[in-house]
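Undergrad: Below are the chains, spelled out letter by letter.
Protein chains: 2
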Amino acid sequence: MDKIRFLEPRADIVARREEIRTGLANVVPADCLVTDERELVPFETDAFTAYRRVPLAVVLPETTEQVAAVMKYCTDNGVPVVPRGAGTSLAGGAIPQEDAVVIGVSRMSCILEVDYENRTARVQAGVTNLRISDEVSADGFFYAPDPSSQLACTIGGNIGMNSGGAHCLKYGVTTNNLLGVTMVLQDGTVIELGGKALDAEGYDLLGLVCGSEGQLGIVTEATVRLIAKPEGARPVLFGFDSSEVAGACVADIIGAGIIPVAIEFMDKPAIDICEAFAHAGYPMDVEALLIVEVEGSEDEMDAMLSRIIAIARKHNVKRVRESQSAIEAAQIWKGRKSAFGATGRVADYICMDGTVPLGQLSHVLRETANIVEKYGLRVANVFHAGDGNMHPLILYNVNDPEEAEKAEAAGAEILKLCVDAGGCLTGEHGVGIEKRDLMLHQFTETDLNQQMAVRAAFDPGWLLNPSKVFPLDLDMRKAG
Amino acid sequence: MDKIRFLEPRADIVARREEIRTGLANVVPADCLVTDERELVPFETDAFTAYRRVPLAVVLPETTEQVAAVMKYCTDNGVPVVPRGAGTSLAGGAIPQEDAVVIGVSRMSCILEVDYENRTARVQAGVTNLRISDEVSADGFFYAPDPSSQLACTIGGNIGMNSGGAHCLKYGVTTNNLLGVTMVLQDGTVIELGGKALDAEGYDLLGLVCGSEGQLGIVTEATVRLIAKPEGARPVLFGFDSSEVAGACVADIIGAGIIPVAIEFMDKPAIDICEAFAHAGYPMDVEALLIVEVEGSEDEMDAMLSRIIAIARKHNVKRVRESQSAIEAAQIWKGRKSAFGATGRVADYICMDGTVPLGQLSHVLRETANIVEKYGLRVANVFHAGDGNMHPLILYNVNDPEEAEKAEAAGAEILKLCVDAGGCLTGEHGVGIEKRDLMLHQFTETDLNQQMAVRAAFDPGWLLNPSKVFPLDLDMRKAG
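Chains as they are written, first to last, in UniProt numbering: chain A, 1 to 480; chain Z, 1 to 480.
Hints are computed from structural coordinates only; laboratory data are not their basis. Hints are supplied without guarantee of correctness; some may be wrong.
Identical chains blur together in the list; that is why a pair holds if it fits in one copy or across any two.
Distance condition first, Cα-Cα at most 30 Å in a straight line; then the derived DSS-like pairs of lysine-lysine [said to hold, decoys possible]:
#1 K229 - K170
#2 K318 - K72
#3 K478 - K72
#4 K229 - K314
Given these sequences and hints, build the entire structure.
TA: See below:
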């Protein structure tokens, strides 16, 4: 897995390393600045791979003003900036480079305001995802997007990647739950986008910023929507004889207009791995499993479930099991949410993140199996089926260079398959460096030129999170 | 009402009028081109005001390729373009200028595909809003955003203005129901944004386009989400002794985490006008009325209503009346949806469109009354209260220039009040020319410069729907 090209650090920047570190020390307090080589180590990669690049410096500001001062300094001195939340990115979106300053928002971790009357919370960008729900849980509310990394990942990072999660089928992803941000532009200008009111006049710059992977500015504060907790929630397991049939069942549930709060999919390898880890009580005699969660009053859940079960019966469902208690429900979700970690205990893997129209689920599952078999590798599928957001985990041995190369090639083929089926390269993990060069399979060069023109309207110096998102050759042309 | 400044048509364009008309005739079929002065009349204004400007020519293309050909011609010749749906804009977004070519999408009215498995429909931009729901109604689906003009307005126009409607409280506005578009850029390039899959990689250009008032390109096709019709729906009337109390009740319903499908508000003047027109059976002994619609199974509706009624009782609700039949329900909605038309029969009016955080509803209603009283005018309030999207209708006599000027001044004060309360200038009608110069009350010049930089990334020649959205002085600087 050494195919990803990194840019050579710019010699002029590296030569001025000490001068830049001193310059930064002049604009932020000493305890916000990391320049010691050993202390820089925790910032040298993210959750994507083992690639490591030690940044020129790391700044951990505590205020928007400090972020603005650093951004202005970096722009004035032509220094690239890599924004960072908790570094849980799965696509290399937070990997630094040697000639860049990392601005990490982890210390900006205050919940600034909870406003139930307007159902909003205003938080600093370094607040972790789960902490918002924890803060308002006793009052009956929660923050909906729930990435598996929600214990660690920050709202700032969630905004950068437009993060999703298992329960986004009903509640939407980050962009659907974000009402406003404070953002620092490349030159240090601070702008406000959105607010507590729904909608806003003018262009939807807030939506544009969400999912822009830190290339348009650095978000320092966010206003998010709070949602009332449902009266009750009940996950139900549906076991099928094949992945294709399970996929067709998902399409039929959604096609009937039913929106459960989550429909998660696991194939046999994923069931085996997760059951061994979490003892969730998954049925072991099926080839594919759906976790369908419904919520509401007991009556509402019963009514929705009876319709879902009727559809599953048409697809010859083999096992149907409702959770009988809160503990059982928690175990079912523990199995699903620990899938990546549990897989990591039995094999190395790369996780794909393609999203497809639901009508194509069965086809893409079948072809994914064919592709992986062609390369002599194994795959485990565990994903957000209701959204069509697939996560094939391609299992391989990281110490076998040949196998690593095959895994990467299989992954690229699978993503192209998703695009050809009318889908796209990423549902929630972002493009980062991982899918950068595949963007030309999704978009024409005309499309990408338009996206780069929009970026240049925010980042004329092409300094923010460089060499991510866009194919490296196009990016280098822009960067001059 | 003659305060709005129009740009002088550019003499160089007007001088080349016949040459440009001939040039257009060379790139589109004769029956798509309107140049006869009498035939241009229907295109000289929109639903905003009586301002009239006859455009240089109107093109009514039937294909994306024809739109592209016209856009390329106009760019090559430096001719401004004004995109148009059905001309139902309430903010002057579709008013032409004498030196501009109008591209109207009304003839692009085919429903291209209905795909229940993916719950999507793909339509041409000229398809009317209600037609999508009509097309899929028998199969149990509908398209959610429901502007009052839904019988006439087009999806292309809805996308331009990010249109909402009474039922958007639960289902969101256009941007929440739009999955993809085909769009022609200023130079004739055709790009695809989004598709059938949820989410997409790269920047959210689809969200950016939605609500951009035709300044980033011309949308020719759209993929929209279909939603299953609920089992049942029931509007309930709640009458209160004052507008402030009704406003506080709305904030408490939403603050409790309850999301009905609609919460509509009418004050006494609006009740009187609508009841006289629609005979909806509204209670006449109250000062403010909420129409709260719940949907789902009978049990679900009962459960939600009992919670809502309990909250209303805390606010000393005076009348509670559930609709007892489908006919009664239809009458209740007919009264609300005809509010603008019914008001137009008793007085001239201008309709504001500010949106405020729900906690500010009571305050803004009270201050709105004070402002209008100060000018010696009357106001009727009828609006989407659950969204905080206010529509004060300022009543005046269009033939009395002094009153017209007062109405406009009162409107501007009300919109500033909304902004100062943490809200914004427009919820769903757009900025157009109406609120163009008020944008500086909402945004700093820095904010607007950033928005204009984004526009320039799509429209470097500053030719698309010129002198709309941005304050005229800033706009003219850009237009050079």
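Undergrad: Now tell me, hint by hint, if it's right for this structure.
TA: Going down the list of hints, with the structure as the test:
no.	hint	verdict
1	K229 - K170	both (13 Å within a copy, 16 Å between copies)
2	K318 - K72	neither (61 Å within a copy, 59 Å between copies)
3	K478 - K72	both (21 Å within a copy, 25 Å between copies)
4	K229 - K314	between (32 Å within a copy, 22 Å between copies)
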